[in-house]
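Engineer: Residue numbers (our numbering), protein chains in the order written: chain E, 33 to 401; chain C, 33 to 401.
Hints are computed from structural coordinates only; laboratory data are not their basis. Computed from a predicted structure; not experimentally measured. Glycine included, C-beta positions come from ideal geometry on N, C-alpha and C. Careful, some of the hints might be misleading.
[As the list claims (entries may be wrong)] So, partial list: chain C residues that the calculated Cβ filter (under 7 Å) puts toward chain E:
hint, residue
1, K77
2, V115
3, A118
4, G166
5, A169
6, P173
7, G288
8, A292
9, S306
10, D308
11, S337
12, Q341
13, L361
14, G362
15, C373
[As the list claims (entries may be wrong)] Rough simulated footprint, nothing fancy, chain E against chain C, three-plus residues with beta-carbon under 8 Å:
hint, segment
16, 39-48
17, 51-61
18, 140-153
In case you want the letters, here they are:
Number of protein chains: 2
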Amino acid sequence: MSHAPDLTDIGTPALLLDEARMSRNIDRLAAQADALGVTLRPHLKTAKSTEIARRLGGPITVSTLAEAEVFHAAGHGDILYAVGIAPQKLPRVQALRAQGCDLTVILDSAAQAEAAARAGVPALIEIDSDGHRGGLAPDAPALVEVGRILHGAGLLRGVITHAGESYGARGREAHAEFAEMERSATVRAAEALRGAGLPCPVVSVGSTPTAHAARDLSGVTELRAGVYMFFDLVMAGIGVCEVDDIALSVLTTVIGHQQAKGWVMVDAGWMALSRDRGTAAQSVDQGYGLVCDAAGQVIPDLIVSGANQEHGIVSLRPGSTAMLPDLPLGTQLRILPNHACATAAQHGQYHLLPAGGGPRQVWPRFGGW
Amino acid sequence: MSHAPDLTDIGTPALLLDEARMSRNIDRLAAQADALGVTLRPHLKTAKSTEIARRLGGPITVSTLAEAEVFHAAGHGDILYAVGIAPQKLPRVQALRAQGCDLTVILDSAAQAEAAARAGVPALIEIDSDGHRGGLAPDAPALVEVGRILHGAGLLRGVITHAGESYGARGREAHAEFAEMERSATVRAAEALRGAGLPCPVVSVGSTPTAHAARDLSGVTELRAGVYMFFDLVMAGIGVCEVDDIALSVLTTVIGHQQAKGWVMVDAGWMALSRDRGTAAQSVDQGYGLVCDAAGQVIPDLIVSGANQEHGIVSLRPGSTAMLPDLPLGTQLRILPNHACATAAQHGQYHLLPAGGGPRQVWPRFGGW
Numbered sequence: 033m034s035h036a037p038d039l040t041d042i043g044t045p046a047l048l049l050d051e052a053r054m055s056r057n058i059d060r061l062a063a064q065a066d067a068l069g070v071t072l073r074p075h076l077k078t079a080k081s082t083e084i085a086r087r088l089g090g091p092i093t094v095s096t097l098a099e100a101e102v103f104h105a106a107g108h109g110d111i112l113y114a115v116g117i118a119p120q121k122l123p124r125v126q127a128l129r130a131q132g133c134d135l136t137v138i139l140d141s142a143a144q145a146e147a148a149a150r151a152g153v154p155a156l157i158e159i160d161s162d163g164h165r166g167g168l169a170p171d172a173p174a175l176v177e178v179g180r181i182l183h184g185a186g187l188l189r190g191v192i193t194h195a196g197e198s199y200g201a202r203g204r205e206a207h208a209e210f211a212e213m214e215r216s217a218t219v220r221a222a223e224a225l226r227g228a229g230l231p232c233p234v235v236s237v238g239s240t241p242t243a244h245a246a247r248d249l250s251g252v253t254e255l256r257a258g259v260y261m262f263f264d265l266v267m268a269g270i271g272v273c274e275v276d277d278i279a280l281s282v283l284t285t286v287i288g289h290q291q292a293k294g295w296v297m298v299d300a301g302w303m304a305l306s307r308d309r310g311t312a313a314q315s316v317d318q319g320y321g322l323v324c325d326a327a328g329q330v331i332p333d334l335i336v337s338g339a340n341q342e343h344g345i346v347s348l349r350p351g352s353t354a355m356l357p358d359l360p361l362g363t364q365l366r367i368l369p370n371h372a373c374a375t376a377a378q379h380g381q382y383h384l385l386p387a388g389g390g391p392r393q394v395w396p397r398f399g400g401w
Numbered sequence: 033m034s035h036a037p038d039l040t041d042i043g044t045p046a047l048l049l050d051e052a053r054m055s056r057n058i059d060r061l062a063a064q065a066d067a068l069g070v071t072l073r074p075h076l077k078t079a080k081s082t083e084i085a086r087r088l089g090g091p092i093t094v095s096t097l098a099e100a101e102v103f104h105a106a107g108h109g110d111i112l113y114a115v116g117i118a119p120q121k122l123p124r125v126q127a128l129r130a131q132g133c134d135l136t137v138i139l140d141s142a143a144q145a146e147a148a149a150r151a152g153v154p155a156l157i158e159i160d161s162d163g164h165r166g167g168l169a170p171d172a173p174a175l176v177e178v179g180r181i182l183h184g185a186g187l188l189r190g191v192i193t194h195a196g197e198s199y200g201a202r203g204r205e206a207h208a209e210f211a212e213m214e215r216s217a218t219v220r221a222a223e224a225l226r227g228a229g230l231p232c233p234v235v236s237v238g239s240t241p242t243a244h245a246a247r248d249l250s251g252v253t254e255l256r257a258g259v260y261m262f263f264d265l266v267m268a269g270i271g272v273c274e275v276d277d278i279a280l281s282v283l284t285t286v287i288g289h290q291q292a293k294g295w296v297m298v299d300a301g302w303m304a305l306s307r308d309r310g311t312a313a314q315s316v317d318q319g320y321g322l323v324c325d326a327a328g329q330v331i332p333d334l335i336v337s338g339a340n341q342e343h344g345i346v347s348l349r350p351g352s353t354a355m356l357p358d359l360p361l362g363t364q365l366r367i368l369p370n371h372a373c374a375t376a377a378q379h380g381q382y383h384l385l386p387a388g389g390g391p392r393q394v395w396p397r398f399g400g401w
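The task is simple: from the sequences and hints, build the whole structure.
Structural biologist: Set out below in structure tokens:
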């Protein structure tokens with residue numbers, strides 16, 4: 033506790049960001065991308081912060097056009113909007129491109145390709161590598177059809193996939209298999225396009241689990257990941273990181289007790305933590321989050337076992353033989369999140385705990401679409 | 033579909049508010065409070081909108097000090113902050129009171145009462161009527177002790193309870209029983225205080241299910257409820273409202289298909305809908321929401337069966353024999369939310385569909401603490 037920062041002036045609940053851990057996480061995946069010989073295109077859907085984007089530099093991925101607009105205004109010129117494009121959104125894409133932003137979209141149908149071609153917007157074709165959501169199979173006849181429509185307008189940039197199912201698999205070996213599924217699906221799709229005389233300069237893959245576990249990305253040109261900069265309990269639960277790598281936490285204050293039940297009430301409910309219960313299906317259910325003291329040290333077996341809108345119920349994990357520590361009214365605690373993307377989305381700012389100590393900073397976050 | 037408003041200029045996903053339904057819901061509970069002879073003190077934790085607060089008028093309840101500050105600045109003078117007070121928050125309460133706001137807090141311990149007494153902040157004592165979260169039992173010896181501390185400083189306002197467990201009970205009969213639990217617990221607590229020579233002018237009860245089902249509130253002075261102005265699928269699932277009463281929906285756009293799986297991909301993922309799966313434990317699991325056409329008509333058996341951050345997967349309910357309708361790329365749909373509080377919190381504004389037709393309005397929402 034001797035190096036604990038003084039957080040008592042922060043109104044709770046509040047989102048804390050441990051800069052040293054974030055920097056370590058960012059450097060770790062950058063080194064991995066270098067070793068694999070691919071370009072890293074970080075996904076900023078989790079961060080939604082121009083300060084964090086500046087640390088990353090280079091090409092980026094976004095999940096909303098609002099992100100594309102904010103990050104372009106902050107100086108980022110090479111942006112991939114990685115959600116299937118609706119034709120109604122193309123005017124906003126065109127407006128950014130007219131301002132000099134190299135904004136690319138993704139799509140998986142002829143109707144979308146025709147709309148993109150009419151709008152003069154370049155696109156990647158989404159490939160389904162694991163049955164998770166959108167995308168064409170690598171051997172789908174529609175792939176070449178879509179490719180021809182885009183290429184006819186000089187707008188075919190390549191192929192993209194995301195193995196979202198990797199979040200449900202545990203351990204490096206399983207994640208490496210998903211990484212190979214991403215690689216082989218996109219490389220087969222690229223070969224199908226090239227075999228039909230079409231260009232496919234970009235072969236883009238990634239998710240946080242697969243990006244860290246990939247051993248060989250032959251044929252791939254770029255790697256994407258988002259939550260890796262913060263990590264969370266879901267990622268720790270599947271073995272992508274350690275709990276000590278989690279850079280994000282929610283600062284909260286004890287507001288009451290129900291001693292007979294072993295409950296400590298805190299002012300972080302689901303509004304501050306999100307409704308995400310991503311660890312519920314894992315081998316260790318962390319409730320709405322794992323509880324640490326104000327210095328960030330995990331308190332053994334203490335979790336947020338229940339959450340109302342502005343109330344969290346902190347208690348020992350079911351079956352625990354640990355002792356409930358004395359946590360008087362007003363005590364500050366930190367909650368590690370199940371899912372950093374969902375928890376961060378509940379907050380308008382990060383309270384940055386600087387890597388070298390020194391004064392805290394407040395970094396704004398944005399939301400919306 | 034003939035009276036459907038034109039929503040095609042709204043960028044999706046977006047939060048829609050049906051004014052006619054909201055007004056009907058507001059009027060319904062106002063009439064119920066009148067009939068029961070109690071003051072209605074609506075909870076604005078769900079609305080977080082000064083426009084909606086203005087419609088309600090009168091005393092209000094809030095869940096954050098940010099709400100108290102915004103609503104006081106908008107002209108509301110009688111505000112109850114209904115989350116157990118942390119001593120660190122009393123300076124903000126004092127600042128609002130110094131500006132003329134009659135802001136009251138709640139608490140359930142001697143330590144909190146001593147802090148409130150030192151700060152000169154009036155309080156209600158929280159009573160536990162159903163084991164849901166905080167509060168003292170009506171016969172707890174601490175009740176009179178806490179009452180004496182507050183009364184010694186002239187700050188004892190009364191007692192308050194909230195039967196949050198009523199959300200898990202189905203049907204008017206069950207909710208009426210919870211309403212009676214709220215009434216009897218608070219009235220017993222008030223009698224215990226009065227029996228010790230202490231005043232107890234305010235006896236405050238309520239939750240949306242109990243407020244609608246209460247038959248007799250003898251001894252109670254005020255009634256609180258929040259989600260009732262919008263309603264949602266959780267409330268419909270326990271019989272507090274009909275699906276046609278739900279005033280809030282998320283407008284979304286079809287962005288793709290996985291035809292072999294019967295999936296329609298839309299641009300409302302959990303970021304737009306929230307991670308709330310409140311109907312999962314009910315007899316009809318609505319997934320992440322029930323799907324309507326753009327005019328607001330429910331499409332039989334169509335739900336959001338899966339959600340990624342910015343992708344929703346729309347499909348027929350498991351076991352349905354309905355036909356998946358043709359929903360081409362670009363089609364607009366509306367999603368009714370599981371939990372209005374959680375879904376609304378994901379959005380920065382309401383797109384108001386006015387009761388009498390006429391031009392749409394945009395009403396800002398706020399968040400934070």
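Engineer: State for each hint whether it applies.
Structural biologist: We went through each hint and held it up to the structure:
{"no.": "1", "hint": "K77", "verdict": "holds, 6 Å"}
{"no.": "2", "hint": "V115", "verdict": "holds, 5 Å"}
{"no.": "3", "hint": "A118", "verdict": "holds, 5 Å"}
{"no.": "4", "hint": "G166", "verdict": "holds, 5 Å"}
{"no.": "5", "hint": "A169", "verdict": "violated, 9 Å"}
{"no.": "6", "hint": "P173", "verdict": "violated, 14 Å"}
{"no.": "7", "hint": "G288", "verdict": "holds, 4 Å"}
{"no.": "8", "hint": "A292", "verdict": "violated, 9 Å"}
{"no.": "9", "hint": "S306", "verdict": "holds, 6 Å"}
{"no.": "10", "hint": "D308", "verdict": "holds, 5 Å"}
{"no.": "11", "hint": "S337", "verdict": "violated, 12 Å"}
{"no.": "12", "hint": "Q341", "verdict": "holds, 6 Å"}
{"no.": "13", "hint": "L361", "verdict": "holds, 5 Å"}
{"no.": "14", "hint": "G362", "verdict": "holds, 5 Å"}
{"no.": "15", "hint": "C373", "verdict": "holds, 6 Å"}
{"no.": "16", "hint": "39-48", "verdict": "holds (count 5)"}
{"no.": "17", "hint": "51-61", "verdict": "violated (count 0)"}
{"no.": "18", "hint": "140-153", "verdict": "holds (count 4)"}
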